[in-house]
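**Q** Take the given structure of chain A and dock chains B and C to it, following the hints.
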Amino acid sequence: MKNFQDMTDYEVKADLIEIAAHKYREGKLTRRGFVSAMMVLGALPALSGKAMAQAKEIVVVNWGGRASEVLQEVMCDTYTAETGIPVIVDGSGPSGGKIRAMVESGAVVWDLCDSGMGTAIILEQQGVIQPIDYDIVDRGSVLEQATYKSAVGNYVYSYVLAANPKMLGGNVPQTWEDVWNVKDFPGMRTFRKSVRGMLESATMAMGVPMDEVYDALDSEDGIDAAIDKFRQLRENIIVWGSGSDSQNLFLQEEVSIGNIWSTRAHLLKDQMDEGSFTASFKGGVLAPGMWVVPKNNPAGSDEVMKFIAHTQDPKLQVQWLEAIGSGPANPAAAALVPDELQKWNPSSPENLAQQIFYNDEWYGKNQVAAEEKYIDALIN
Amino acid sequence: MPDKILTIANATKRYGPVHALDRVSLDVEEGEFLTLLGPSGSGKTTLLSAIAGFAPLTEGRIDLRGRNISNEPPEHRDFGMVFQGYALFPTMTVRDNIAFPLKVRKRPASEVRKRVDECLGLVQMEDFAERMPAQLSGGQQQRIALARALSFEPQVLLLDEPLSALDKKLRADLQWELKSLHDRLGVTFIYVTHDQDEALSMSDRVVILKDGRIQQQGVPDELYKFPRTRFVADFLGKSNFLDLPVTAREGDEMTCRIGGTNFPVTAPGATASGDVLNVALRPERIRLGAPGQELLDGIVRQVSYLGERCLVLVDHAEVGPLMISQPTWKAEVTPKAGLPVSFGWDVDAPVILEDGAA
Amino acid sequence: MPRLPDTLRYWFLVLPALAIMIVFYIWPLLGIWQISLTEPTRGLDNYTRMFDSSAVTTSFILTFRIAFKTTIGCLILGYIVAYVISNFAGRVKPLMVALVLLPFWVSVLIRSFSWIVLLGRSGIVNDTLISSGMIDSPLRLMHNEFGVVLAMIHVMLPFAVLPMLANMRGISGAYVDAARGLGASEFTAFAKVYFPQTMPGVMSGALLVFVLSLGFYITPALLGGGRILMISEYITYQIQEFLNWGLGSALSVGLLVATAVVIALAARFVNLRSALLERK
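Protein chains in written order, with this note's numbering: chain A, 122 to 501; chain B, 5 to 362; chain C, 4 to 283.
Excised from the complex, chain A in its bound form (with noise of 0.2 Å):
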């Protein structure tokens, strides 16, 4: 049992739903939306029989809700108008531990799940997912940090720095080491209530170098640094739970920078006055969303790959974007990205180049660890 840590965010998921539904103010419960919340309360064997009926058609899962419409809207029904394939959005939440008890127990009814990266490798160890059919995937169509041999990205998002310019009296901090510098940038900080994102911020305020972070990190001394930071800066922090947590501090002007999700920066550039929202990318920590295959799905393997690749259509990728803030996957996307809202796609190649890929690895490995120590910095 040790080693099965789950590490997906799922917050984020959650978040995007949310996200969906804030922005989407349609706002009612579809019967769809329905059967998906049924599911999440469990009711999962009135989808397993009805799957079983109908061998042809793909059931995708992701984290329900909105985000489980916009995915059905943008993807799978444009692929069923195209091939004829019933595809079937359930939002039932595809958790690792969920998937890996349906391939044990036989009764696989999911095709594709919406997973995370440490959950990938995870369930890759256990072998319960199938690897990615490359031949009908295109390798070249994902960032290739998001290709792994049984998962790949299917949409990107950042943890970014955001700021209120003019609680700042317009100046605006450029790089972490600005944000810890309270003196010139008085006021409030936002961060994560989870080293997600933050610790690597910490990390680079220190000086150390965007590409050298997680080498620096991978230590007990390089995680107590990051973690030290956090401490001297705590009379200046207010933490953000969930993702509208962190876009509430701004809008009420609680506070003037802080680290939080593109997609909730991607509102709030919407929602707040001309002039006293900022948000950049540069030394930003960039995430993807990972699809996985359950071994023996229903649909069978071929017919899933080809799913796959219908969704790494990049317009229907740059659809995402404009719907929930999320970004594409595939780096292609980034050109056909209308031009107002380039500056927020987490994935286009200026951005990408200024942010670091989220180390799974490294989480995996500290993350519960540093979560302690983190809090103790915070409330000690």
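Simulated from the structure, these hints should not be mistaken for lab results. Glycine included, C-beta positions come from ideal geometry on N, C-alpha and C. Check each hint, because a few of them may be wrong.
If you anchor each label on the Cβ, the simulated ranges turn out as follows [unchecked claim]:
1. C/L21 <-> B/T62: 51 to 61 Å
2. C/L33 <-> A/G218: 20 to 30 Å
3. C/S135 <-> A/L462: 42 to 52 Å
4. B/Q128 <-> C/I64: 55 to 65 Å
5. B/E134 <-> C/A101: 43 to 53 Å
6. C/L104 <-> A/G227: 50 to 60 Å
**A** Quick look at chains B and C alone, frame taken from chain A:
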């Protein structure tokens, strides 16, 4: 004539349109046992509260030995008070309860201790000093409440229906004790009750209240014998009420008529005039006899045996049923329902009432 | 049909409630205990980690400190409210009791959010103070312990008022009258006679508020700015963020034990039976 300790003048207490007290004037004499008697809503408790200082008067004043205390808070009036339900402080021991008035008066600890012991002795509760009130019986609580009210040697002791929660036997015992305590201490007692027996048995003087007004006051015997109103006659003991047509009048001597029978009525100082006398007739003043033995004839309707006496309800064609109380030990007749009897009374038995039909 | 013995019949009456408690409360609770001892490995690892962790210790101290402050605040404010309602409200008493109960109809979430509106950097309080010229820059009223305690006092107040109100309702006005009639001033009558009688209500209010505060979650999470991490939020964090059921369970067992210790300690000083069951 003893000194007046308390003078109440024109005491009026209004709650909105309701007069709880209506121009009550009353003098209380030094050392007397005064009882305020009345049914509920008569104003007796309001009057006591006004004296104690809990219910400030709307009009009128109260003087304590010539000092106007109408506007003084209760704690400055220095009256001992025994509450209905006793109001013993449940978080304090018996000793602390009794010591309470002494402690708030900042008496030295040694004096407090001595005085508490004295008071416990006074009510024969020496063994209960360390008990909590909840561990005492009703009668015991009553004694402690009394001891507490007396511990600081107040000039006046106010008692608000102190015996009403006790059973009949205990109540009778405590009446004797209260009375003897009063006689021994010489403290002025102002006692509120709705129980006429209590009022009659203990008081030097009884004040009868109704609807916020004093109906009549006097020593118990006088009140019982000469009620001025139908209310008083009815409230104190039992009475038969008769309307007697007057046929002749000569000074105090009058002749009345019931049926075909004329009989004399003496009414000393009666102011009543007119053709009809409203009289109250105590059941025990009516004599019962064999047919023809007395003036009037009637038929026994019902008999109620009470031990030392029995109550007999006699029908008479003119005056309706009359209640007659007859000592069982010297009965002229043994009454039985349906038995024809005769009845009559002494010439001074009917008491002429001031008010008409009440 | 033979009659069942009386005690057995009463047991049958409580059976449904008991069954629900066992199936939906006791059983899962035992499950939590079990998880705390078996995940990720069998043994006391989670507890050793818990005691070794400075963050956990800090969070426990923080939790007790905030619960204590909240309790004191609730008792002082609640006592005044309960006292006024039971002694001076007269005909508006039902209205006032309804006003005390009113917050129960509004979710804790909304009540906590309304504090954000009030206490924020550009919230109503700061705006008013700034526009009236009393301060130049916004005061920090929330995202700190002050804000958390203030909002928690607000949320917990009914739990303090209701037991005290029930208790005071049972205290006859005759006691204070008696005390004053016996020569005590208004204050002495209150302090020596009335107040001691309200101690059971005060104690049950204190216990209720304190124990509820120990496990409180929403308000500190919203108003604490993440730096007021009470133990229940820490538990949520362990379980939701890390799926670390073992340590999360150990923490909740720790909180349960700490709460039990509080109640046991309280029992040494207060008669719990009379404080919680008998309202007199």
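**Q** Give me the numbers of the hints this structure contradicts, sorted from smallest to largest.
**A** none
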